[in-house]
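Protein chains in written order, with our numbering: chain A, 1 to 340; chain B, 1 to 181; chain C, 1 to 397; chain D, 1 to 180; chain E, 1 to 100.
Just to be clear, a hint being listed does not mean it is correct.
Claimed, not checked - In the EDC-like style, the derived pairs of lysine to aspartate or glutamate whose C-alpha atoms are separated by at most 20 Å in a straight line are: (1) A:Lys-72 x A:Glu-249; (2) D:Lys-173 x D:Asp-109; (3) D:Lys-20 x C:Asp-147; (4) C:Lys-318 x D:Glu-138.
Claimed, not checked - Derived CB-CB ranges, DEER-like: (5) B:Asp-132 x A:Leu-327: 19 to 29 Å; (6) C:Gly-232 x B:Ala-159: 31 to 41 Å; (7) D:Pro-5 x C:Asp-211: 21 to 31 Å; (8) C:Asn-41 x D:Cys-67: 48 to 58 Å; (9) B:Val-32 x A:Ala-290: 15 to 25 Å; (10) D:Lys-46 x A:Thr-58: 18 to 28 Å; (11) B:Leu-117 x C:Ser-66: 36 to 46 Å; (12) A:Leu-286 x D:Leu-144: 24 to 34 Å; (13) C:Ser-66 x D:Leu-144: 32 to 42 Å; (14) A:Ala-334 x B:Leu-167: 43 to 53 Å; (15) C:Lys-208 x B:Leu-167: 42 to 52 Å.
As the list claims (entries may be wrong) - So, partial list: chain B residues that the calculated Cβ filter (under 7 Å) puts toward chain A: (16) Gly-80; (17) Val-84; (18) Leu-167.
Derived from the structure by calculation, the hints contain no laboratory data. Ideal placement from N, C-alpha and C gives every residue a C-beta, glycine not left out.
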Amino acid sequence: MNPLISSFLAINPPYWVDTLAKIGIGLVAVLLPTGALVYLFLFKMMSFMQSRLGPMETGPYGQLQLLAEFGKFLQKEDIFPSKADRFVFAAAPFVVLVSTFMLVLVLPGGPDTHFVDLNTGIYFAMAVSSVSVIGILMAGWGSNSKYSLLGGIRAAGQLIAYELPLVLSVVGVVIMAGTLNMKGIVAAQADFGVWFIIPQIIGFFIFMVAVQAELTQPPFDMPVAESELVTGYLTEYSGMRFLLFFIGEFATAAVFSAIGATLFLGGWTVPFVDINAEIMDYIGPLVLAAKMVFIAFLIFWFRITYPRFREDQLQRLAWKFLIPLSLFNIVVTAIFKVVF
Amino acid sequence: MITAVASMVSAPVLGAVVAQNVFFYLIAAVMVIAALRVVTTSNIVHAALYLVVVLAGVAAQFLLLGAEFVGITQVLVYIGAVIVLFLFGIMLTRAKVGNEDGLDHDNVIPAILTAVLLVLVMGYAVVDFAGDEEIDVLGNSPTTVEQVSDSIFSTYIVAFEAISVLLLAALIGAIVVARKE
Amino acid sequence: MTTDINAEFDITNNEQLRYIAAQAADARVNVELETEGMTLNIGPQHPATHGTLRIVARLDGEQVISAEPIMGYMHRGYEKLTEVRTYPQVTTLINRIDWVGSFANEVPFILAAEELMEVEAPPRAQYIRTALFEMGRIANIMLFLGDMAVQLGGVTAIFYAFRDREFVLNQIESATGGRFHPNFNRIGGVKDDLPAGWIKETKSSMQKVRDFCDEMEDLVVGNEIFQARCRGVGIIPADVAMAYGLSGANLRGSGVDWDLRRDADSPLAWKDLDWKVWTHPDGDSFSRYWVRLQETREATYMVEQLLDGLPAGPVMAKVPRIIKVPAGESYVQTENPLGAMGYYVVSKGELTPFRVKIRTASFSNMSISPWLLEGVLVPDIATILASLYFILGDIDR
Amino acid sequence: MPKLPGMLVGLGVTAKTFIKTVFPDGPLAPPAPSKGAHTVQYPHVKEAPPERARGVIALHHDNCTACMLCARECPDWCIYIEGHKELAPPRRAGGKPRQKNKLDRFDIDFALCMYCGICVEVCPFDALFWSPEFEFSEMKIADLLHDKGRLADWMETVPEYPAYEAGAEVKIKKLPSPSS
Amino acid sequence: MYLVQFLLLSSILFCIGVYGVLARRNAVLVLMSIELILNAVNINLIAFGAFNGAQIPAEVFALFIIAVAAAEVGVGLALVLTIYRNSKSIDLHQVDLLKG
């Protein structure tokens, strides 16, 4: 019943202790990969790809740069534009963050290592990921700035447009696995023999494109396009609230990478090891983290290399290319599922 | 929060019923207050955001009743799509920050009277009809997606097809109406 | 029914007026969903304007109805300042006009003054001038090649541009002493001869520039997203380009084969070189980028030819120590990195010029923007402004 | 061979730069990004500017006669000179005492200076020199006014004039010997 | 838990929705009030389903209602946009072209 604690400590704590422990572990599970991604990819890989070193002064190889940035943002003034809608403006980053934190809940790290084992795991993830749109619209509208409003509306249009290919790309995996449960999907990949990235390569491609768009990373970063809208819906934010948006963005990148790893790269499993072995509860999260880093590497590689689309081109790509392709993928997958 | 509730639903732990009642009243209170703000606030965007609270509360109530799939669909469709559509509509027509006049009719007394009378009549009827009927939530096994989908694609297949056609018609209709000649 | 227009439209009826206004707006912009209009101030502080330029854009949705550039936030009054500076001092000021390709700013002024004084720099000086002129062009346009990508969201190109531009700037610095403000031209020649080993290093840095151009072709030009963003955006037909007085790569990007290095009679060494003027017939943002990329590569070959054929001899003609330019007037323009730049120098025979009129390329190039920005989308503003490639100092001087 | 999509080629460019930066000595050698990167960790590592670089102006006292030519030719008039005449002992024994311009004040305001080099160029007595030294930023703008002594200190950092490229007809100048 | 809890909550939400439909004159706000009414109905359905043990049909119906509501909002907002375009206002008082 209380798998997280009971499996590690062999005790059966009361419900509230387990919940508190889950919240604490959830915080760590979101913030630690986020920091790792920012350091690894945004600070270091991006720098190396641009022939420079990145942060080097804070700590060995700049490892403490993130803490320094954190401290810097904390001590900045929390500026409210004078005609902003204060409540909406203040609440927006939290809405985005809540969406991110709820995403991580359904991720399984091992046969018994999970927060909740929802029957409708991946469906839940898709649903709560769409909540962040509200936060972004709130930020865009509440700032009472034209750049913010344009950015917010762009973001919302983009997120709606890419929600659909994202969900549809997952459908192929769900058809193959025959379940919406995340653990079930992992188990199905173990049963199938190869990870779903091989049979679902089209789905993986659509998933990666859609995730890139969901995260508003280049080439889909029009909502925060610096050369057009200054920084879009983030224009008026400063200090703590900007930091929350920042964490939200990279935490979502981490979580989506982990979801991608679970759906397409076999989650916590490693080849030739029984997926239900006791040991997987302990090394499973690490395996998942490694796979997550691989997918995040792809995401950030695209981010660093590509220029951005225009808004209408993005919509055209989503509606005229990705959605038909994903429908085709679903049909083909379904036919194979029925025939074989 | 919702997942905590959800895990309780599947948990035959002593005291879960008490916790469920506590959560019900908490969520219900928030929902009623938010719903009142939806119909009384003088800021359209605030109304839409309060509506988000109500809809999230509805989703939570669904989870409390063990309807996991419907609850998540509620989040996906309502919060992810319908509210965003609302906000889009508001921002496309007017995006003023701050309160606006003229959102209400000049004379709201009849409306208040209607609503209060209605709630009194319905409340009486409801209490009279189901005063002490208990829902055995813990006795019901939570429904799975398989059950729902089996039901949709066998018993309710005609209704499902009709809904599909309706959605398609609505899609085309919305485009035709909103498009400029 | 009689057609009395005043009877049909009651100008005191607000609803009718609103309807008429709405219809007029419809006629102006053809959009699918009509929404509230919006005035967007792009600048004076905005990443797309790289400087203090302000563009007042009237938007309908994301479409620009009208855009008006407002210049002059950075006006420094160089034309007036030159009237109280002696001729050698003027050189110091004017290489701050287009600050990224600054060597080229000095040359037309010096040529104009030389024309008035009837001196001509010795051939070695002309070769050195031309080589540094072309290196200034390379340093300038490399920045554009990276910056345009960054305006379109690709952050990496600008880092490559700055990385490899450094090699060129180092060479300019080791020859002239100044990275950005060389102040190397003198009336009658150049200040100093080249230091030993400079030619070899410059050739290797030219090779690095060519590598950079290849990299840009792979990273930016070949990228489908970049092409989708640039092709067909901001098309300037050749006749419009000429009517607005565009020059430089903006003109050649519209297919007009006009280059002052070849077409004007200049004492500089271009006439001795074997090179090609690149043009592109499309006239869109992509063709402007492409033309500049080719010109950069062409310029590296020109520098190598100049260094190979560097004649021996002095670098300074005989000029008096105190320069007094005889009375008269002259106008010289050269093909600068940004386009045609000209100095109209009027002298009354004193230590200082009587009047200097500076024709800068960016000012004319910018003047087409209201025509060009009408009806484009907001993201295309960044594309078009970047592809026109203006330097704020060159606009406002 | 069919042409690769441009987007893949672009990914290749960044990947190549990544490898070149992290493994400057080939993929088998241990990674050394600080060698492969083109940037320099400034306060720890300093770039050597070329000899001709116009960093800061150095003053050789002995040569200066306070003739004010530099102060007059300066485009933004950032040089301040004060001097007085005094009698120096005669060069030959028994000769008349010479009249000499003695330098009281020689300040350059580097907050105003445009680093154009006209003063160095016009100095008829070779008293001013360019030094490539560039680290003289100050917290207060007033401290950027370098006085006579500070300008003289820069003399140590002035490099010898470099040789010229083949075919040059300009004479290589010599630095004055350090003043006693 | 008692059935009446859910029924009372749903009837309160329903009446708030009715009040909104009657009292508001902004078209978007009226649409929102209709959403409140639909959600009240959905709570009722699920509660009765849980009460009767007929969860599956109740859930299916709730899903259908959600789908219909989405379609309704889509068409409704399209209409609002058209009204706005024609009269530059979404005040339902001004939309009286049919009044004659």
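Right, here's what the structure says about each hint:
{"no.": "1", "hint": "A:Lys-72 x A:Glu-249", "result": "18 Å, holds"}
{"no.": "2", "hint": "D:Lys-173 x D:Asp-109", "result": "27 Å, violated"}
{"no.": "3", "hint": "D:Lys-20 x C:Asp-147", "result": "23 Å, violated"}
{"no.": "4", "hint": "C:Lys-318 x D:Glu-138", "result": "42 Å, violated"}
{"no.": "5", "hint": "B:Asp-132 x A:Leu-327: 19 to 29 Å", "result": "51 Å, violated"}
{"no.": "6", "hint": "C:Gly-232 x B:Ala-159: 31 to 41 Å", "result": "48 Å, violated"}
{"no.": "7", "hint": "D:Pro-5 x C:Asp-211: 21 to 31 Å", "result": "22 Å, holds"}
{"no.": "8", "hint": "C:Asn-41 x D:Cys-67: 48 to 58 Å", "result": "54 Å, holds"}
{"no.": "9", "hint": "B:Val-32 x A:Ala-290: 15 to 25 Å", "result": "48 Å, violated"}
{"no.": "10", "hint": "D:Lys-46 x A:Thr-58: 18 to 28 Å", "result": "21 Å, holds"}
{"no.": "11", "hint": "B:Leu-117 x C:Ser-66: 36 to 46 Å", "result": "56 Å, violated"}
{"no.": "12", "hint": "A:Leu-286 x D:Leu-144: 24 to 34 Å", "result": "56 Å, violated"}
{"no.": "13", "hint": "C:Ser-66 x D:Leu-144: 32 to 42 Å", "result": "47 Å, violated"}
{"no.": "14", "hint": "A:Ala-334 x B:Leu-167: 43 to 53 Å", "result": "21 Å, violated"}
{"no.": "15", "hint": "C:Lys-208 x B:Leu-167: 42 to 52 Å", "result": "59 Å, violated"}
{"no.": "16", "hint": "Gly-80", "result": "3 Å, holds"}
{"no.": "17", "hint": "Val-84", "result": "5 Å, holds"}
{"no.": "18", "hint": "Leu-167", "result": "13 Å, violated"}
Checked against the numbered hints given earlier, the structure breaks hints 2, 3, 4, 5, 6, 9, 11, 12, 13, 14, 15, 18 and satisfies all the rest.
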